[in-house]
Each structure stands twice: as C-alpha cells, then as structure tokens.
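Peer 1: Sequence:
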Amino acid sequence: MASAERDDARRRGAAPPPRPTPPSLPPLLFPSFEKFVVPDGVKKIAHARDTRVEHAATFTVQREDHTIGNLVRCALHRDGEVTFAGYKIPHPLEYQMLIKVATRGRRTPKEALSRALGDVADAVGDVAASFEGEVARV
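When we follow this note's numbering, the leftmost residue of the sequence shown carries the number -12, and every step to the right adds one.
Just so you know, these hints were derived from the structure itself, not from any lab. Don't take every hint at face value.
What the hints assert, rightly or not - Straight-line distance between alpha carbons at most 30 Å, and here's what the computed DSS-like set of lysine-lysine pairs gives:
no.	residue 1	residue 2
1	Lys87	Lys97
2	Lys22	Lys97
3	Lys31	Lys97
Keep in mind it's a predicted model, so treat the numbers as computed, not measured.
Please model the entire structure based on the sequences and the hints provided.
Peer 2: Shown next as structure tokens:
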C-alpha cells in the first residue's frame, strides 16, 4: 500500500491495513560452527601414502583453510629434505585441506610435516609473545 493511502486511512480514523510481512528466510544450510569444529569420530589429520611417488604422502587436514595451508607449505619449503610441498582445498563447501609432501627419503613425509607444524607453532608463539609485550607496554 502506498503511503498516500495510509495517510488517507489515518485521516478517516480507520486503522491502516497491516503491512505485508517479509518472506521468511530459509534456514542456514550449514551451522556456522561446522567450519571449525571437527565432528566426533573424524581425525584432525589423516595420512595416506602415495602409491606412485616414493617417499610421498597426502595428508587430509579437517577444518582448516588457506591461512594454515600456506603457512605449512612455506615451512615445508624451508626444509632441505622436502622435494615437493603443496596444498589444495578441493571444494569451498568441504571443510578440508589436502597437503601433499614428498621428501628425499632421509626423513618421512610425516616427520617433515611434524617438523613444519612445530616451526609454524613456534612462529605463532613468537608473534603472540611480541603482541602481548606491546599491549603491556601501552
């Protein structure tokens, strides 16, 4: 109903007709926490050996995105024993990341990934400590 018709109804003393209600929104397809919480019975990191390339493996990491993927990839590239390191997120609605690691053979891909994750954790700890020191200074 146009505003002129509402004003006319008010002048006559009649109650204006109710406003149309907006259509109801569809329920969310996925709860917002689904992106972050690993479901019961699902491992955070699963390991699968590569059958075609020697000393290579693919790790499926649940509920992580490009932020962690790129940090881990860069940490793996700094390791001299790693010959290949890459990651991909197969689909934006599947909350998992695949990390592919190949090594020279003196260290397993699992050991290389473990060391890279430790390096990332140390770097994040250093940033957190620096941040807390600056906050305390202010």
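Peer 1: Run every hint past the structure and note whether it holds.
Peer 2: Results of checking the hints against the structure:
1. Distance hint between Lys87 and Lys97 is fulfilled; the C-alpha atoms sit about 11 Å from each other, no more than 30 Å.
2. With a C-alpha separation of about 25 Å, the suggested pair Lys22 and Lys97 falls inside the 30 Å cut-off, and the hint holds.
3. For the hint pairing Lys31 with Lys97, the CA-to-CA distance comes to about 14 Å; that is within 30 Å, so the pair holds.
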